[in-house]
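Visitor: As a plain string of letters, each chain reads:
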Amino acid sequence: MIVVALVLLAACMLPFVVSNYRTFQFTLALVYAIALLGLNMLTGYNGQISLGHGAFYAIGAYTAAILMDQYGVPYWATIPAAAVVCLIAGFLFGLPALRLEGLYLALATFALAVSLPALLKYHHLEQWTGGVQGIVLLKPDAPFGLPLNPDQWLYFFTLAITVLMFVLAWNILRGRMGHAMVAIRDQHIAAEAMGIHTAMVKSMTFGISAMYTGIAGALGAIAIQFVAPDSFNIFVSIMLLVGVVIGGLASISGAIYGALFIQFVPNIADAISKAAPWAIFGIFLLGFVYVMPMGIAGAVRMAVARLTRKAQNQAAKP
Amino acid sequence: MQELLHQVLAGLATGGIYASLALALVMIYQATHLVNFAQGEMAMFATYLAWSLINAGMPYWPAFLLTVVLAFVLGVVIERVIIRPVENAPVLAVVVVFIALLVILNSVTGWIYSYTIKSFPSPFPAEPIFGQYVTSHQGGAIGVTLVVLLLLFLFFRYTPLGLAMRAAAQNPDSARLVGIRVGWMLALGWGLAAAVGGVAGMMVAPIVFLDPNMMGGVLLYAFAAALVGGIDNPAGAVFGGFLVGVLENLLGAFVIGNELKLAVALVLIIGVLVVKPSGFFGKVLVTRV
Amino acid sequence: MAALLQVSGLHASYGLTRVLHGIDFAMDEGTITTLLGANGAGKTTTLRALCGMVKTQGQVRFSGERIDGKAPEDIVRKGIAHVPDGRGTFVNLTTEENLRLGAYTRRDRGAVEADLERVYGYFPRLKERHTQQAGTLSGGEQQMLAVSRALMLRPRLMLLDEPSFGLAPLIVRELFEILRTVNAKEKVSMLVVEQNAAMALELADHAYLIETGRVVLSGTTGEIKSNDAVRRSYLGY
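Residue numbers (numbering that gives the first Met the number 0), protein chains in the order written: chain R, 0 to 317; chain H, 0 to 288; chain B, 0 to 236.
Rather than coming from a laboratory, the hints here were simulated on the basis of the structure. There could be a bad hint or two in this list.
Stated by the list, open to error - In silico DSSO-like pairs for lysine-lysine, Cα to Cα no more than 30 Å straight-line:
(1) R:Lys120 / H:Lys260
(2) H:Lys117 / R:Lys120
(3) H:Lys117 / R:Lys273
(4) R:Lys309 / B:Lys54
(5) B:Lys69 / B:Lys186
(6) B:Lys77 / B:Lys186
This one's a predicted model, so the numbers in the text were calculated from it and none came from an experiment.
Extracted from the complex, chain R is given alone in its bound form (with noise of 0.2 Å):
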């Protein structure tokens, strides 16, 4: 709890002793956690892999732009509207993929992701989606004359969204619905025979996985301001692939890891080498791997768990 509270209390900080810049990059580490957080329900607590969390994510930033740019609704009113486009989206594909597991969910999930750019530029559609260009929004004052510029307002917004997006993931996982959840994915023939009902809850957890996505999709085009298919393609959904195994399967504090790792690290690869980021960022990836193959929150929960036994070790010392 305690700790809780002070990263809250840092993450309040963090934009008055930072550049714009950097306030603008946190904003983003925060929308990718939240989709992170989506995604570890999926895959994490779950057992669902899926390739094309960058449709969901694609598809809650294309609601948000549409809906600003065409018919005027004010930023803070798209989430919402994000959420549950995608909530009826995940769970509508949820459906089918029910009856694909393994790698051939992974697959559908892929195809997913490869498609919606392509439906994205596909011509009829683009008097809604301004086809390969896209769609260009406007960046949000701070309301109510709050002595904020808009890049710290849009980190405050986005805090808050954040911290109700995982105060609500730590309700469901902890209740009937996250134990179903991780019943499903340890012993599902065992579960069904509980009484879970199994298709149900892969749907919803399919739902509310792509809802966290897209909710992150709308805050990541309002920060970033821009739409387009190509910032969609396949890359998406292999970076938030890598930033739940890399900040730890199955654990809410996880998604906060991995989202700081696919936001900074591929800066610090860039700063690094010039020539191949992507090698060093790859390097990178191999070495979380190797020493913390449980992902960053399965270190620090070993960690953890090592300290507290010496401490107890030595309180039973006299």
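Since the structure of chain R is already known, use the hints to place chains H and B on it.
Guide: Only chains H and B this time, still in chain R's reference frame:
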């Protein structure tokens, strides 16, 4: 009608390439129950090696053979050095290692050779030699694919080493008890898969041109092919490869054009999988409770 | 004469759970020795420890040479063949391919062909089914296959883990008869782990009784058979 025949034959040519790569995926899947997402980039890298050899003045076929050998060595080294340390790690951690391998190979290739598109020679003459419906390269690619498939079949079916590799893949514990060095069999499997992938790369490069991202789409089709045929069935994967190749070509030519070809082909494949979840020839998984 | 197999102070554990607490026993070349004991006493683990499938402490000498700590694939090359519990069949390979794998470490190709005929001589049923997928064989046939696969190594020592498990009594009798013949004719030494103590004592020359990871009794089969405690607990008369 002629156009249809032409498109089917063209589909078989690319299908053969998908089949080879799908087979490479299946070989590694059977031994490890993992899909090597870096298989395409490994093939791409091997194709660049071939390009270097040919540009250095080596005739095509010696360069081809040397590339196959180099790809094999590359596969063995990658397994020993990069995959070995995560042998017992969680599945998704290994997937991330594959992704890392993918971006490293892609990035290093781009760094060495630049991202500009290069043309890659075909060993087959420009004028048609297999009749009017198919270009020489398409006919030749089908031929090369069939030779590779035949060689693999003979190797696995009739040599002691092939038998040992099959044994190690399906029952590692028992394999060790009869004295098979399972770790090395795995490395050999990676080597063979990389070699087969290298052939696929060299056959596809004259069609799609050489660039570090050339195998992305090919790998996806190969993955789909392997799943449609049944990921644990080599013959099924080959069939799936040809099927996906023909399907892709016909859809592109007659139904929807090239813009949405990839998306529609994938949606169709997933449709198949929803109806037949373990592919056409895959074993239905029965779980014991 | 040094013993063929000399085990002293053998410990083994799975993770944090100790299973063997210092097993000692020895067997001579050409003999059949049996390890008896209840479920969970550590019999299977002992065999697994001998062929390097579990981590161990203590010494294992095979004709004088230390083999503890070696990998299974190296121990096979010393001439020790293991017939594992569950038979270890390569279910997707044919019967004959399974047998050829047994001779994987041998380099004398011609003799391997002759040995194929030799084991078919012991088990004609396997010859009838030589192109059949091994997974489709019956339980008894798979056990015969497992024994034959071990014989294809031309081993000096065979480790047999519950060869009677799950088989009809008639088939067990047939199988044990063949084991006896192989032992007599080919001088293959055998270490047999069995729950069916009566059958095992009939087959073996020596027996060791294991309880909770320790040897508690040893002797010739005659001595063991006449021990009251063994009779009550394991032979049931």
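Visitor: All the hints need checking, so say for each whether the structure fits it.
Guide: Structure-based check of each hint:
Straight-line distance between C-alpha atoms of R:Lys120 and H:Lys260 comes to about 13 Å, which keeps the hinted pair within the 30 Å bound. Taking the CA atoms of H:Lys117 and R:Lys120, the gap is about 27 Å. The hint holds against a cut of 30 Å. This hinted pair checks out: H:Lys117 and R:Lys273 have alpha carbons roughly 23 Å apart, not beyond 30 Å. About 28 Å separates the Cα atoms of R:Lys309 and B:Lys54, which keeps this hinted pair within 30 Å; it holds.
At roughly 25 Å between alpha-carbon atoms, B:Lys69 and B:Lys186 fall within 30 Å of each other, so this suggested pair holds. A C-alpha spacing of about 16 Å is found between B:Lys77 and B:Lys186, which places the hinted pair at or below 30 Å, so the restraint holds.
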